[in-house]
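J.: Residue strings, one per chain:
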Amino acid sequence: MQLFSDLTDEEIAVRASRERFLFSAIMTRYQERLGRYIRRLGVFDKEEVEDILQDVFVKVYKNLQGFDPTLSFSSWIYRIAHNETMSYFRKKILRPQGHYVADAEKVFLTLGSNFNLEKELDLKIKADVLAKVLPKLPKKYREVLVLRYYEEKSYQEISDILRLPSGSVATLIHRAKKLLKKFLKHLEE
Amino acid sequence: MTLEKKENFSEKVLAELEKVKQTPAWKFKIKNLLFWILWVIFVVFGGSLAVAAIAFHTRFSGWNFYPVTHGSVGIFLLDTLPYVWLLIFIAFLFIGYENFKNTKHGYRYSFAGIVSFSLLCCLISGFVLYSIGVGKFLDEDFGKHLPFHHPAFEQQLKAWQNPGRGLLTGNVVSINFEIKTFVLQDAAENFWQVDGSNLVEEDWQEVLLAEAGELRLLGLNLSEVENNFIACLIMPWGEEMRGHGLNRSFPICGESNCDLPPFPDQKEIFDPSSCEGLPGYDVILRMKTLK
Chain A
138 MQLFSDLTDE EIAVRASRER FLFSAIMTRY QERLGRYIRR LGVFDKEEVE
188 DILQDVFVKV YKNLQGFDPT LSFSSWIYRI AHNETMSYFR KKILRPQGHY
238 VADAEKVFLT LGSNFNLEKE LDLKIKADVL AKVLPKLPKK YREVLVLRYY
288 EEKSYQEISD ILRLPSGSVA TLIHRAKKLL KKFLKHLEE
Chain B
207 MTLEKKENFS EKVLAELEKV KQTPAWKFKI KNLLFWILWV IFVVFGGSLA
257 VAAIAFHTRF SGWNFYPVTH GSVGIFLLDT LPYVWLLIFI AFLFIGYENF
307 KNTKHGYRYS FAGIVSFSLL CCLISGFVLY SIGVGKFLDE DFGKHLPFHH
357 PAFEQQLKAW QNPGRGLLTG NVVSINFEIK TFVLQDAAEN FWQVDGSNLV
407 EEDWQEVLLA EAGELRLLGL NLSEVENNFI ACLIMPWGEE MRGHGLNRSF
457 PICGESNCDL PPFPDQKEIF DPSSCEGLPG YDVILRMKTL K
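Those sequence lines, one after another, are chains A and B. As numbered in the numbering used here, residues 138 to 326 make up the first sequence, in order. As numbered in the numbering used here, residues 207 to 497 make up the second sequence, in order.
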């Protein structure tokens with residue numbers, strides 16, 4: 138695999154559509170990240186995460202020739218992971234029941250510094266508070282917050298993943314933060 | 207995930223991939239092309255046809271005469287808007303929007319952006335089609351087969367075939383210059399004895415003689431039984447309307463089949479000797495003078 142470490146995802150993707158063995162390089166690069174992302178979207182069962190992840194890679198491989206090199210490969214594979222997870226929720230008639238909290242502290246700091254939560258609300262909120270509040274947000278807001286603050290995606294990348302105009306992404310993030318602030322204030326009271 | 211577990215997972219997926227057949231690139235290209243083609247069909251083609259029909263219908267729905275035919279702009283619009291074409295247009299725009307959104311990069315554009323762009327395309331191509339006569343064909347010839355749609359000319363004729371409101375339309379059959387009267391056959395094939403003594407000389411010379419044929423009259427229905435009418439103003443239908451409907455048979459607008467609200471009883475407010483007090487008379491007279 139070291140032979141391919143210098144290649145970009147996009148280059149590997151283009152070649153992997155002809156040489157299947159290269160696909161393992163894609164899996165190595167994305168297995169952890171996508172697994173985390175699926176958990177952050179609200180799938181907790183490890184086996185189910187693995188099943189979804191497997192479906193994601195199968196779908197990616199199947200549609201590899203449809204990959205548009207003008208997009209980033211990362212956005213494309215995240216989009217597939219997002220769609221597969223949503224389809225899992227639909228099939229199970231489930232709603233995400235919680236949130237992955239392993240790195241919520243880091244996310245909280247990013248979010249907090251972003252709109253001065255502590256200053257404005259004078260709250261000593263811990264990361265697990267954020268993890269409790271996030272699942273209460275409507276799906277559209279939760280999705281953008283996860284991508285922006287957990288996955289650290291740019292607005293353009295989020296736009297490509299969720300297939301939304303960048304302007305709508307900015308609006309959703311703004312509203313999501315406002316709502317989050319309201320929830321946190323409510324918790325304080 | 208431990209390294210061992212990761213490797214197991216990779217092997218499992220790679221084994222699964224053995225059974226998977228990749229979708230060829232041309233299928234993705236065709237899919238994208240299909241969405242563009244559908245957008246072109248619904249917006250550039252369908253939408254512009256609807257715009258051409260709407261433009262034609264709007265232009266010939268009788269704007270100039272709304273003070274006498276309908277009394278107010280609101281009633282006029284309610285009565286004459288081309289609802290069917292508007293609905294078709296909105297449906298085409300919506301279907302076009304859905305297709306555009308599904309093209310490769312369509313999701314990057316906002317709803318307002320896509321709709322504005324589609325609207326612009328429809329308007330440009332729609333007015334080109336209108337200028338070559340497609341709008342007329344759609345509203346008149348095709349439109350008469352559309353359920354719930356009344357072509358513009360038909361609506362105008364209906365509005366003018368209303369002697370109770372002082373509106374009459376028809377063909378001039380004979381003229382008697384000595385006693386300033388003429389006989390008119392309306393669209394329901396009734397004959398009317400029309401008193402033209404209130405008409406100015408220009409009307410006699412320029413309209414009755416020069417245009418002799420399809421006319422619209424503003425005046426007073428003196429006797430419904432004897433079909434006597436006093437004409438205050440007469441106007442030709444104009445080039446666009448010529449031959450577009452007076453050969454059709456329309457019933458006179460009466461209590462049972464008239465959609466328009468009634469005017470006040472004209473015999474109480476109208477002076478037949480001078481035409482004063484006739485609703486809309488001043489407006490139409492001013493319009494005729496300006497011409």
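You may find that some hints are simply not true.
[As the list claims (entries may be wrong)] Pairs of lysine-lysine residues, derived as DSBU-like cross-links and limited to a Cα-Cα distance of at most 30 Å, are as follows:
hint, chain 1, residue 1, chain 2, residue 2
1, A, 269, A, 199
2, A, 277, B, 307
3, A, 269, A, 319
4, B, 310, B, 225
5, A, 183, B, 227
6, B, 386, A, 229
7, B, 237, B, 227
8, A, 229, A, 273
9, B, 233, A, 196
10, B, 227, A, 228
11, B, 225, A, 276
12, B, 237, A, 199
13, B, 225, A, 183
[Claimed, not checked] Facing chain A, from chain B, some residues (calculated, C-beta under 10 Å):
hint, residue
14, 215
15, 216
16, 218
17, 220
18, 229
19, 230
20, 232
21, 233
22, 237
23, 240
24, 241
25, 242
26, 313
27, 314
28, 403
It should be emphasised that the hints constitute simulated quantities derived from the structure, not laboratory data. Using N, Cα and C, we set each Cβ at its ideal position, and we do this for glycine too.
J.: Does the alpha-carbon distance linking residue 237 of chain B and residue 227 of chain B stay inside the 30 Å limit?
T.: holds (18 Å)
J.: Return the status of the interface hint for residue 313 of chain B: holds when the least beta-carbon distance to chain A is below 10 Å, violated otherwise.
T.: holds (4 Å)
J.: Would the hint on residue 229 of chain B be counted as holding, given a Cβ-Cβ threshold of 10 Å to chain A?
T.: Since chain A brings a Cβ to about 6 Å from residue 229 of chain B, closer than 10 Å, the hint holds.
J.: Taking only the CA atoms, is the gap from residue 227 of chain B to residue 228 of chain A under or equal to 30 Å?
T.: The given pair, whose Cα atoms are some 24 Å apart, holds under the 30 Å limit.
J.: Is the hint on residue 314 of chain B kept, meaning its closest Cβ partner in chain A is under 10 Å away?
T.: holds (6 Å)
J.: Against the 30 Å threshold, does the CA-CA distance of residue 183 of chain A and residue 227 of chain B hold or violate the hint?
T.: Answer holds: residue 183 of chain A to residue 227 of chain B is near 28 Å, not above 30 Å.
J.: Are the Cα atoms of residue 269 of chain A and residue 319 of chain A separated by 30 Å or less?
T.: The hint holds at about 14 Å.
J.: If you take the shortest Cβ to Cβ gap from residue 240 of chain B to chain A, is it below 10 Å?
T.: Residue 240 of chain B check fails; min Cβ-Cβ to chain A is 14 Å, beyond 10 Å.
J.: Would the pair residue 233 of chain B and residue 196 of chain A pass a check requiring their Cα atoms to be no farther apart than 30 Å?
T.: The given pair, whose Cα atoms are some 15 Å apart, holds under the 30 Å limit.
J.: Can we keep the residue 237 of chain B interface hint, with Cβ of chain A closer than 10 Å?
T.: This hint holds: residue 237 of chain B lies near chain A, its Cβ roughly 8 Å from the closest one there, short of 10 Å.
J.: Do the numbers back the hint for residue 216 of chain B, that is, is its least Cβ distance to chain A under 10 Å?
T.: holds (5 Å)
J.: For the hint on residue 233 of chain B, does the least C-beta distance to chain A fall short of 10 Å?
T.: holds (8 Å)
Hint check: violations occur at hints 1, 6, 11, 23, 24, 25, 28; the rest are consistent with the structure.
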